[in-house]
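Student: In case you want the letters, here they are:
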Amino acid sequence: MISSRRLPRLAPAAAAALLALGLAIWLFSALRGGSSAPASAPAVATAGTDGDIARARAAIAANPRDAGARARLADAALEKVRETGDPSWYPAAEDAARRGLAIDPRNVQAMDALGTLALARHRFAEGLAWGRRSRAAEPGSFASYGIEGDALVELGRYRAGFAVQRRALELRPDLGSYSRASYVQELLGDRRGAIALMSLAADAGRPGSESRAWTLVQLGLLRLGSGDRAGAERDMRQALAERPGDARALAGLARTLAAAGRLDAAAALAREAIDRVPLPEYPALLAELDTARGRPAAARRDIALVGAMQRLLAANGVRVDLDIALIQADVRRPDAHAIARARAARATRPGVIGDDVLGWVLTRAGRCDAGLGYARRSLRLGTRDALMLFHAGMAAACAGHPAEAAGRLRAALALNPHFSVRWAPVARRTLAGVAS
Amino acid sequence: LHQTRSRWLVAGPLALTAAVTAAVLVPGFASGSSHREAPGISQDPTADNTDVYAFTSPDDPSTKQDESRTATLIANYIPLEEPSGGPNYYQFSDKVRYTINVDNTGDGREDVQYAFRFHTSFATPSTFLYATGPVTYDAASRSYKNLNIVQTYDVQKITRRGGRTVVQTLARNLLTPPDNAGGKSTPNYASALVPPAIHTLKDGTRVFAGQRDDPFFVDLGATFDLVNLERRAQTGPDDGLTGYNVHTIALQVPKSQLTRKGNTPAAKDADDPSSVIGVYAAAERPVVDFAKGGKATVGWKQVSRLGEPLVNEVVIPIGKKDAWNATDPADDAQFLPFYQSPGLAAGLNALFGAGAPTTNRNDLVAVLLTGLPPGNPFGLVTQIGPGTPALADLLRLNLAIPPTPPDKQDRLGVLAGQADGFPNGRRLVDDVVDIELRAVAGVLTSNPPAASKALGDGVDTNDQPFLSTFPYVATPIAGVETAHPRPPTFPPAP
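Each protein sequence line maps, in turn, to chains A and B.
Mapping of the first sequence onto my numbering: residues 737 to 1172, in sequence order.
Mapping of the second sequence onto my numbering: residues 9 to 502, in sequence order.
Heads up, some of the hints might be wrong.
Claimed, not checked - Straight-line distance between alpha carbons at most 25 angstroms, and here's what the computed SDA-like set of lysine to any residue pairs gives: (1) B/Lys328 / A/Ala899; (2) B/Lys309 / A/Gly876; (3) B/Lys165 / B/Pro204; (4) B/Lys328 / A/Asp802; (5) B/Lys103 / A/Arg903; (6) B/Lys328 / A/Glu906; (7) B/Lys269 / B/Arg172; (8) B/Lys328 / A/Gly876; (9) B/Lys103 / A/Ala932; (10) B/Lys103 / A/Ser935; (11) B/Lys309 / A/Asp964; (12) B/Lys309 / A/Leu907; (13) B/Lys309 / A/Leu976; (14) B/Lys328 / A/Glu969; (15) B/Lys328 / A/Arg942; (16) B/Lys165 / B/Lys328; (17) B/Lys328 / A/Arg835; (18) B/Lys309 / A/Arg928; (19) B/Lys103 / A/Glu969; (20) B/Lys103 / A/Leu907; (21) B/Lys103 / A/Arg902; (22) B/Lys103 / A/Ala966; (23) B/Lys328 / A/Pro841; (24) B/Lys192 / B/Ile206; (25) B/Lys103 / B/Arg214; (26) B/Lys103 / A/Gly944; (27) B/Lys328 / A/Arg903; (28) B/Lys309 / A/Ala872; (29) B/Lys309 / A/Arg902; (30) B/Lys192 / A/Gly876; (31) B/Lys103 / A/Pro1153; (32) B/Lys103 / A/Leu976.
Bear in mind the hints are in silico, worked out from the structure with no lab data behind them.
Model the full structure from these sequences, guided by the hints.
Tutor: Written out as structure tokens, the structure reads:
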């Protein structure tokens, strides 16, 4: 995953990140009992991005003042993270983009790379600033709209964010603007509209590309979220046919099979995804599956792996506090320290997702009135998401609002009776309790 | 051309939801859950218009020796198709509106537009196979036997005249040929499978839509990284598009249906701007607005367009490419400064001491944006008239100029004294890379620098022979014949 030829070029920070990655790989192998090869080079074709990187480096070697080549190197490094999940490319991307911008302060490609990077690291206010700076410098380049819109949405500034996403779609309907518009409809609770827009996004992608596979997986997840398992499986398998070994598609298929109760097959796919790309969502998925399969020791190893991967992300500048808060809240009852961390994390991401997580953390800690307040806020856009509805229902039940609880839990189960191997039975039990 | 690599890099927010969903197996926020690794490069090959050609049909002389009745208009999409593209192969998108547009008044707006919409169906939906046996054409049922994925299309003609718009459906459910998968799947491709896909419509127009060999030839590496032009002098040229296919939409239209006056211009009309048409092609995708919760297509938005070759690559700076692709030719005046002071001229000077003028390039403006007016020193009129022409990127074709027989066509077109060649329209043989390099270096100025007469990328011809009859573009490379190392060698984003 890390090619040796990169080593001499690494800045100290990047070297530290490399060490962190090495540690993670070691942990990863150790935790999994050495059952298979450590995270090795993904089987999916990365030659295209490697070629982009090689060409950009050659251009920089020929002319160190070539700001455009440095911006292209930053782009390629960001693409590399998408393909491999290796976050040590983030510092490399940042370094290249900042140098490019130092040479040419009006280079919008470098600004867009820095904006994209900030969003990837969950530094949304910073991403917003880059998006706006890029747009001011060059209104004829449309990438800045997506960056600004994403930042506004994640910051909970929905009215402004949706307006920017709509404008981006009007300017250029493409995979990026369609998929963002799809997310807007998903947030608004319009799953059919979200599916239609994500289908348009997939149509606008190059078969075999990482981005087109991503849209197919999103499409499958949207279908799965409303209980259409057959449709979801078709999309996931299409993504795998076009891009064999794609980790997101493997994990998406794992979720689909899990929803159908095929836990062993799902676990095998989740392990394959982990082998290819070190993203914490994959061992978190496997932990859920191992728990459901009655293997608590394996699940504990999976969760430890989640932590290792999150530390790796954090070492490369990614904010992961909200993620950690949620996973920990599912694993154990949050203490005062965990609540404080969740509050701080939500402050950096004050939209419905931050509200949902903080609400769930508070509810799990027994502070159900406060939890219910955030849970209600998390549904203020009308989002039809089974897990968020479940969180709100549990908070309401705990806070002594049985009618509200019954309504939320019924809605969650009606949307998708298999929304979680772990929590769906809890939802049914609680519903039976509050409804009686 | 082959990389309108509009690379918007998306962004992405977050993993967080990743965890949300991960912890629960079935995701809630599908999109949110993977925003952190939201898609990167949004290439859109099926809506990527790579090249446009327009020429007087050379095989169609009328009763008079110096006249040809029809013009051929060709638009190509889907760059760099790998012939062995299975199992999915390539096809037009059912969700894209493809257009070929003709301006005959000089305002940059289309007066005649041909719009193409495709429909894909599966003979046997349960299989992923492209073909379930050797594909043959069955004349009785007017369909291909054993072809699983079938694409047909409708053609509309939209005519705008004096504020009135007339929409005609010229044809429905026209067949496209299968991709050239190879000998076992698509035997006798050129002789048996392509002819049924060449259609003659009720108004005399002929039309074809389907896979072809990419007729563009260029040393991609050398041309887009100018430094390499010198290196190539030692290593020999390398046609970066050898062995790749594209998807072609080709029209052969009676000239009288394209000209303002409704006439068929004869050689004597060559100095009359009414004999000139301006052509561009485009691809549009739907903008859907769900603001009211319902499903509503509110309109089509242009995502790529092409008139003169290479304008997007060599004239328009990188930060303007998105806006340029979304802009109608009628609104091209905003890009005038990039024609007047092309960055490429300075580059050629720095690398080769080309001596190219770098400012006030009215010669390029005339050839590429306004057309050559009557009375110009080249004796070739490409201004669409009458009246003052708009600044618009259109491939301008003077329909009065008689065609050169195919075996006599010279790749340097007008530079070689052939007035029916580029930049008067564009024939398949025209070496637009060399012509444009030389034009930027100043070969069309009143005092051409010596270097401007010799520049070139060294790739002078296409690797496959063009056809002598419609649709002229060469037969696509068969899937079994070639395999490229994947992926194709892209040059750096221009």
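Student: State for each hint whether it applies.
Tutor: Taking the hints in turn, this is what the structure says about them:
no.: 1; hint: B/Lys328 / A/Ala899; in the structure: holds, 22 angstroms
no.: 2; hint: B/Lys309 / A/Gly876; in the structure: holds, 16 angstroms
no.: 3; hint: B/Lys165 / B/Pro204; in the structure: holds, 22 angstroms
no.: 4; hint: B/Lys328 / A/Asp802; in the structure: holds, 19 angstroms
no.: 5; hint: B/Lys103 / A/Arg903; in the structure: holds, 20 angstroms
no.: 6; hint: B/Lys328 / A/Glu906; in the structure: holds, 17 angstroms
no.: 7; hint: B/Lys269 / B/Arg172; in the structure: holds, 16 angstroms
no.: 8; hint: B/Lys328 / A/Gly876; in the structure: holds, 5 angstroms
no.: 9; hint: B/Lys103 / A/Ala932; in the structure: holds, 12 angstroms
no.: 10; hint: B/Lys103 / A/Ser935; in the structure: holds, 10 angstroms
no.: 11; hint: B/Lys309 / A/Asp964; in the structure: violated, 32 angstroms
no.: 12; hint: B/Lys309 / A/Leu907; in the structure: holds, 7 angstroms
no.: 13; hint: B/Lys309 / A/Leu976; in the structure: violated, 31 angstroms
no.: 14; hint: B/Lys328 / A/Glu969; in the structure: violated, 40 angstroms
no.: 15; hint: B/Lys328 / A/Arg942; in the structure: holds, 23 angstroms
no.: 16; hint: B/Lys165 / B/Lys328; in the structure: violated, 31 angstroms
no.: 17; hint: B/Lys328 / A/Arg835; in the structure: holds, 22 angstroms
no.: 18; hint: B/Lys309 / A/Arg928; in the structure: holds, 22 angstroms
no.: 19; hint: B/Lys103 / A/Glu969; in the structure: holds, 23 angstroms
no.: 20; hint: B/Lys103 / A/Leu907; in the structure: holds, 17 angstroms
no.: 21; hint: B/Lys103 / A/Arg902; in the structure: holds, 19 angstroms
no.: 22; hint: B/Lys103 / A/Ala966; in the structure: holds, 24 angstroms
no.: 23; hint: B/Lys328 / A/Pro841; in the structure: holds, 17 angstroms
no.: 24; hint: B/Lys192 / B/Ile206; in the structure: holds, 23 angstroms
no.: 25; hint: B/Lys103 / B/Arg214; in the structure: holds, 24 angstroms
no.: 26; hint: B/Lys103 / A/Gly944; in the structure: holds, 19 angstroms
no.: 27; hint: B/Lys328 / A/Arg903; in the structure: holds, 17 angstroms
no.: 28; hint: B/Lys309 / A/Ala872; in the structure: holds, 23 angstroms
no.: 29; hint: B/Lys309 / A/Arg902; in the structure: holds, 13 angstroms
no.: 30; hint: B/Lys192 / A/Gly876; in the structure: violated, 48 angstroms
no.: 31; hint: B/Lys103 / A/Pro1153; in the structure: violated, 34 angstroms
no.: 32; hint: B/Lys103 / A/Leu976; in the structure: holds, 23 angstroms
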